[in-house]
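Assemble the whole structure, with the sequences as input and the hints as a guide.
Those protein sequences? They're chains A and B, same order as listed. Be aware that the first sequence starts at 0, since it is given in numbering that gives the first Met the number 0, and climbs by one per residue. Be aware that the second sequence starts at 0, since it is given in numbering that gives the first Met the number 0, and climbs by one per residue.
Please note that the accuracy of each hint is not assured.
[To be verified] Derived coverage of chain B by chain A (criterion: at least 3 residues anywhere in the stretch with Cβ under 8 angstroms from a Cβ of chain A; other residues may be distant):
(1) 53 to 67
(2) 77 to 87
(3) 91 to 97
(4) 120 to 130
Hints were generated in silico from the structure; no laboratory data involved. On a predicted model such as this, the values are computed, not experimentally measured, just so you know. We put the CB at the ideal spot given by N, CA and C, even for glycine.
There are 2 protein chains.
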Amino acid sequence: MEIAELGEFGLIRRLTEDIKIENGSTIRGVGDDCAVLQYTGERRVLVTTDLLMEGVHFDLQYVPLEHLGYKSIMVNLSDVYAMNGTPRQVTVSLALSKRFRVEDVEALYRGMRLACERHHVDLVGGDTTSSLTGLAISVTAIGEARPRDIVYRDGARATDLICVSGNLGAAYMGLQLMEREKSVFNTQVEELRRQMAEAKRTNDEARLSALSTQLAQLDFQPDWSGREYLLERQLKPEARRDIVEALREAGIQPTAMMDISDGLSSELMHICTQSHTGCRVYEERIPLDYQTAVMAEELNMNVTTCALNGGEDYELLFTVPLTMNERVSQLEDVKVIGYITEPQLGCALITRDGQEFELKAQGWNPLKRGQDGER
Amino acid sequence: MEIAELGEFGLIRRLTEDIKIENGSTIRGVGDDCAVLQYTGERRVLVTTDLLMEGVHFDLQYVPLEHLGYKSIMVNLSDVYAMNGTPRQVTVSLALSKRFRVEDVEALYRGMRLACERHHVDLVGGDTTSSLTGLAISVTAIGEARPRDIVYRDGARATDLICVSGNLGAAYMGLQLMEREKSVFNTQVEELRRQMAEAKRTNDEARLSALSTQLAQLDFQPDWSGREYLLERQLKPEARRDIVEALREAGIQPTAMMDISDGLSSELMHICTQSHTGCRVYEERIPLDYQTAVMAEELNMNVTTCALNGGEDYELLFTVPLTMNERVSQLEDVKVIGYITEPQLGCALITRDGQEFELKAQGWNPLKRGQDGER
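As structure tokens, this is what we get:
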């Protein structure tokens, strides 16, 4: 169905008519100039926002819209958890070009709503507009936290332990895998087109018709078997609410925390810069999945570099006082990877053979995919 | 300066380093995963968001970036005022293509910060990313209000008076004017290019050189004299905080309110649909500026149609109980334009000669400029 058939208000109605409100703090959701939220004086309000652009943050040739919707919500919830808060509401703004159909927008919303439901978050408003070129998605998440629970980036102190949840580099490897498969597919398409041009030139009607059928039947469905984990990490990341809850249950209050969206190296630099400290991270302690290592080997890439700079892992990076060593070591899916130092020692990686390499924040490359700056 | 020279973090630092925090409710602004806000239990939190896309919502050929920044904030503040709230914080996300330079982004931010300062609003965070094509701007505004002060769209009741602030249609006329001047300018450019091609064909080097100089010196600076008001209404709209304050001082609590971003007709339909009422609006009561009327005449357009459907006025449309007639009539820059009816009477405009015309909400046209749907 063309979006123009439904009309703007029809589209919005269709997208929002059966949205359930889960939180008592949501006084009014979709349907007015603003959403209205209510928090008691005991709670602080957290707000975070992300803007995702087609061609920069996602490639619709291999990213299903439902997954894209899921991920666009998840990356914002991840920011609220990274403050040790609980996300409660999101707003969603979309800019759609004419090639998008109602079914496309519904698929996108299905993913968004699934992400919201899983994290008990209300979708309370937004904006739907048009775009001359691609799809743009802007999500704002609002959450709450008790003042004493909030964890900033600037609280790390020398001797604190540096911890990460899950494993790193898999989302980046998933991206590499999809880019490779896309390139293989596009080569097939080009080859068929070349042969068709040749058949046309020689007036070989039968061959032209056969090739044309072949092209029409060509489908981008590579065999991902054995690589599902990498794809899932790239397409459908999960915000680590479980880690935030586990820390709370274990009575561990991190001194600094953030989520890993741009890569471990860049995020460590953020924490150290804002906390006025240095750090030491052990290469051998960086958690990696088996599939990440295999894929890096296959692509002839250094797996540590992928883990340090890959990005989009949406794991939590946090520091805890040294006295918490025992408690934090008992947490499932959390690993101590190093420690915070005095600032004059700088930030360094200690390799398997004991050498020290200075950690560097990635430079900004406006064309590099997925590089964006939360503030 | 190229943005790549500064680097992402450099750009963000440069844009945000001297941002002042004005509100006690802003616990933490730019620089972490989320902004942290604090409201007492007496206050509700309002959130609104808008996504502006180059080529759809603005044309950088005639919109200066500073004005664009100002407007992108203002349209969001307008939504908070339309709830009878007070805006306190904004977040700003930008997607920039490679053609934007640091100076461009600074100009955009200058406008944003001026808008924030004028309305005592804090810029507390956002996201800066890249775009393959144009500029995308996503703004989220957060405000507060006492529960009993909040005005929704659904509170209008039969016999209520319908009021608007300021005048309507001027922003739309400003747009028409700029589009016309742009078209004149582009025709000049094309004509010069045509003559240059001709000179090239005839090997007339001297003429080619003269034409080339002429083209380089051609500047889009039309003479706007006498039309400044229309341009200002289009380029630099002002959210009507003064009206909200005047209503409060006069002890008038509107029964329904919203801002006029898509045109009076469309907004009236929103209020009537959500309030389950009809309405009657008098053509002769719709406030128009002299320049709007002159420009409409010049362009051979019906000025009432422009006022009804033009959009981007960012005036306030509100309803008050009939008993407030005297009080509301004494307010400066507010005009009563009609009244709310029972739903079965429908929504209609009463023309100068007493005829009734049914009001219609505009359909959604993904290519029509400036049509977007707040929820």
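Right, here's what the structure says about each hint:
Taking a C-beta to C-beta cut-off of 8 angstroms, the stretch 53 to 67 of chain B contributes 4 residues in contact with chain A, enough for the three needed, and the coverage statement holds. Coverage of the stretch 77 to 87 of chain B by chain A holds in this model, with 5 residues showing a Cβ closer than 8 angstroms to a Cβ of that chain against a need of three. With 6 residues having a Cβ less than 8 angstroms from any Cβ of chain A, the stretch 91 to 97 of chain B passes the three-residue criterion, so the hint holds. Under a criterion of three residues with beta carbons nearer than 8 angstroms to beta carbons of chain A, the stated coverage of the stretch 120 to 130 of chain B is upheld, 8 such residues being counted.
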